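Visitor: These are the residues of each chain, in order.
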Amino acid sequence: MNDMTPEDRKSALKGMGTSRKRVEDARFTQGKGNYVDDIKLPGMLFGDFVRSPYAHARVTSVRKDTAMALPGVIAVLTAEDLAPLGLHWMPTLAGDKQMVLADGKVLYQGQEVAFVVAENRYIAADAVELVEVEYEELPVVTNPFKAMDADAPTLREDIAGKMDGAHGPRKHNNHIFTWEQGDKEATESVLSGADVVAEEMIYYHRTHPCPLETCGSVASMDKVNGKLTLYGTFQAPHAVRTVASLISGIAEHNIRVISPDIGGGFGNKVGVYPGYVCSIVASIVTGKPVKWVEDRMDNLMTTAFARDYHMHGKISATTDGKITGLWCHTTADHGGFDACADPTKFPAGFMNICTGSYDIPVAYLAVDGVYTNKAPGGVAYRCSFRVTEASYFIERMMDILAIKLDMDPVELRMKNFVRKDQFPYQSALGWEYDSGDYHTAMDKALKAVGYDNLRKEQAEKLAAFKAGESRSLMGIGTAFFTEIVGAGPVKNCDILGLGMFDSCEIRIHPTGSAIARLGTISQGQGHATTFAQILASEIGIPADDITLEEGDTDTAPYGLGTYGSRSTPVAGAATAMAGRKIRAKAQMIAAYLLEVHDDDVEFDIDRFVVKGAPERFKTMKEIAFAAYNQAIPGIEPGLEAVSYYDPPNMTYPFGAYICVMDVDVDTGVADIRSVYALDDCGTRINPMIIEGQVHGGLTEALAIAMGQEIAYDEMGNVKTGTLMDFFIPTAWETPNYITDHTTTPSPHHPIGAKGVGESPNVGGVSMFSNAVHDAFRPFGLTQSHMPHDHWRIWKTANQLGLHG
Amino acid sequence: MSKKMHLEMTVNGQKVETLAEPRELLIHVLRERLGITGPHIGCETSHCGACTVDFNGKSVKSCNVFAAQAQGAEVTTIEGLGDPDNLHPLQTAFKEHHGLQCGYCTPGMITRAHRLLQENPTPTEEEIRFGMAGNLCRCTGYQNIVKSIQAAASEMNAAKEAAE
Ligand code: FES
Ligand code: FES
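Chain order of the listed sequences is A and B. Under the working numbering, the final residue of the first sequence carries the number 804; numbering is consecutive throughout. Under the working numbering, the final residue of the second sequence carries the number 1164; numbering is consecutive throughout.
Some clues are possibly wrong.
[What the hints assert, rightly or not] Cut-off 30 Å, straight-line C-alpha distance, at most; resulting in silico cross-link-like pairs (DSSO-like, lysine-lysine): (1) K1004/B to K40/A; (2) K21/A to K1003/B; (3) K184/A to K288/A; (4) K1058/B to K32/A; (5) K1147/B to K447/A; (6) K1003/B to K40/A; (7) K288/A to K1003/B; (8) K40/A to K1015/B; (9) K1147/B to K444/A; (10) K1058/B to K171/A; (11) K1004/B to K288/A; (12) K1147/B to K10/A; (13) K1147/B to K21/A.
The hints are simulated quantities; they were obtained by calculation from the structure and are not laboratory data. Nothing here was measured: the structure is a model prediction, and the numbers come from that model.
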């Protein structure tokens, strides 16, 4: 290593900034991944649920005997069996509680009524059919506005009349919370005196993260040692351990939670589900390991929907387009239980980032959470706690205001962007944006796509359409988003009282390689690759010589897990900080070995050198060896460090997205011609992985904007419970993406990184939806509801009189 | 529960036999009775392609084949395409071009791509996108999957040319 140039030494590390190939891929490409359904323990049983066909009903009886008589059936559990253990209900992460198994009634279609345990999945499925449940149907409420009617049926009888909720007073039996931010009076007075006010109802429909692997768990209670091992699809294994301990009464040190490989999460695998609890109870009852894995229908119908926000907005401006105020009232449909996974003080997540990228002097936001007869959830589907909703809201309102002002939507955005010199920027709804350079990003995007020419082409296409020469309209969708990720500072972010810090522990081995363990868990983000890169740059050990482990609570330090793009901002920072602790000790060892004072050596890529005498140095490898083999006065042997990082602030990634589509008014087909996505996620750790994240997030955005939804009929039946009805784009429907970036590091993050996993979903949905609206703008369309599937686009064209 | 049948197949070049109920799905036979866990389950309704295997020379979603239909079949799964010392060009290309993230769709993707490249050794991007449309991926947005398959195709064609 000693005759290598500094550049060679640096590139040998494969540190930050390199498109290092992923270390995870060898096992995944050879069929050697280890996902929860791959786990097979001796004597393992299989559990399956009897689910309610009704959305709202009393459960008057559950008869097990026929099912129990089937050979191979070991147990059928009902709420009655769980009640003596106090496990028929469980706490949700949002301060509510949720039935594990139906306790007298059901609140949504697909709700868990009984848990059948059998020798294999076929017998379990047969037995599910044999459990006889009697229901007495109750009136169904699927509309959150009707749920708040004075005479609406009470859904949650368990808390009827209890008017103090987990997040303040409730004003109706079906009401969960009201959350207010900003200055109501000031905002309303600005609005009433404004030159121009645009008002609209923006509905962000219910959808589902739908990772390719569904949720599941394997519980194994070892009665001899009193230890419970729980494998499962957990985005937050440590939190699961704590919750499992609290609700089961098993001491936390006797529970080991393991998240094996996870086949995508996107928010679906943050929550705690009845299946996890039932597999634990069943293992305790039977003394055998019990596996539970959802099928796709269970997944879409019951675990973790996302969005379902009805956002009523008003935005005011001067006649020349300077925004003066923003007002928003949101009705949030939470389903039968409030099972969001937001930080405790934020029952509507970070919806108060809804002022977006704009310098809006005064704003007011109120969110009312409401119970309905739909599945519980409200998770952050590839987004940081309702940021996607907030971003969609403001980006639609901007386009609608632009229509009202007869302005170009980009011009309006440029005019109102928070300027570079305003950072750190204090938003009207309480956030401090860390850094940004919005004008530069937007300019770069406009040039890259040739925006002015696109507008010209659009005008020509429109003329051709009006002249009857064509039946297609061109839409240009622009979106500029500011995300808020990296939850979060312990002073205001916790889940169930657990501060949202994260952690990293590093051990350097005597021969100079290392193992690092984190409190997070990858679900495809490639942590084993990227976190090793952070460390390589921080401690000068090649990334290839660093093993990275996550997901086993017996070995990994405590952390809050991976969601809300928090891994890089929080655990990435912990990794860098732990690395710096290693480096500090290494410096002392190097100084001793070089016989100089500590301050006379400095770090140089992979070694410490004597200042001013670079030929005198000790490599990290030599230092590691010395740490274990030499008695150094005043320094403990070994080279290890642990860091628990409590971020001082969130990080605020941003980006400019532009797409072009041609909308066929007769078929409703939107042909996406080009998509350009510029992301600024601060310091870039692995450009290849960032690009991959952007591709994936844009595709999920495409799905959500253009066709994907969880739809219910008035009876509360789920109409989109299979992949036949629930839209997931194939390779055929998915366009190619052009990615780009600017780099504005976060000033408070040790390596300046902001996180990127969710940005493309946050920006992408608005971009695609804005493009559809833009195509119809000349015909007076202000707002139409997503998803913009062919039928809805056709309907819009029809309503606008475009079918002659 | 129905009476079990004696099922014989050739899986990844090896004769295997097992008892299985005729109604069992091939994906369950592979994963649970034979311990071949490369192919995954994403839906069990033939939509996602995670369970794709090569079945008598065709790409087949193994969640849609009963054990009774698999009697005597030749089955190849991801485990049969290459080994650590001798990877299939697709396996290398997927890593090289970041064609996977969570890896859950990957065994099905690669198994399908392997058959696609036999059906059409020089596919255009359009043909790849169409030919892969039975396999869903939630993570990658397909762009790098397409790239990986293109790269593997040129690699395989170059190797073939060199051999001729
Ligand atoms: S599991 Fe077979 S196609 Fe989805
Ligand atoms: S890599 Fe996750 S589903 Fe394809």
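Visitor: Evaluate each hint against the coordinates.
Guide: Now the hints, each set against the structure:
1. K1004/B to K40/A: holds (21 Å)
2. K21/A to K1003/B: Given pair K21/A, K1003/B is violated - Cα atoms ~49 Å apart, limit 30 Å.
3. K184/A to K288/A: Status violated; Cα separation ~57 Å.
4. K1058/B to K32/A: holds (23 Å)
5. K1147/B to K447/A: Distance ~27 Å between K1147/B and K447/A Cα, so the pair holds.
6. K1003/B to K40/A: holds (24 Å)
7. K288/A to K1003/B: Status holds; Cα separation ~26 Å.
8. K40/A to K1015/B: Status holds; Cα separation ~23 Å.
9. K1147/B to K444/A: holds (26 Å)
10. K1058/B to K171/A: Outside the cut-off at roughly 61 Å; violated.
11. K1004/B to K288/A: Measuring from Cα to Cα gives roughly 25 Å; hence the hint holds.
12. K1147/B to K10/A: holds (29 Å)
13. K1147/B to K21/A: holds (15 Å)
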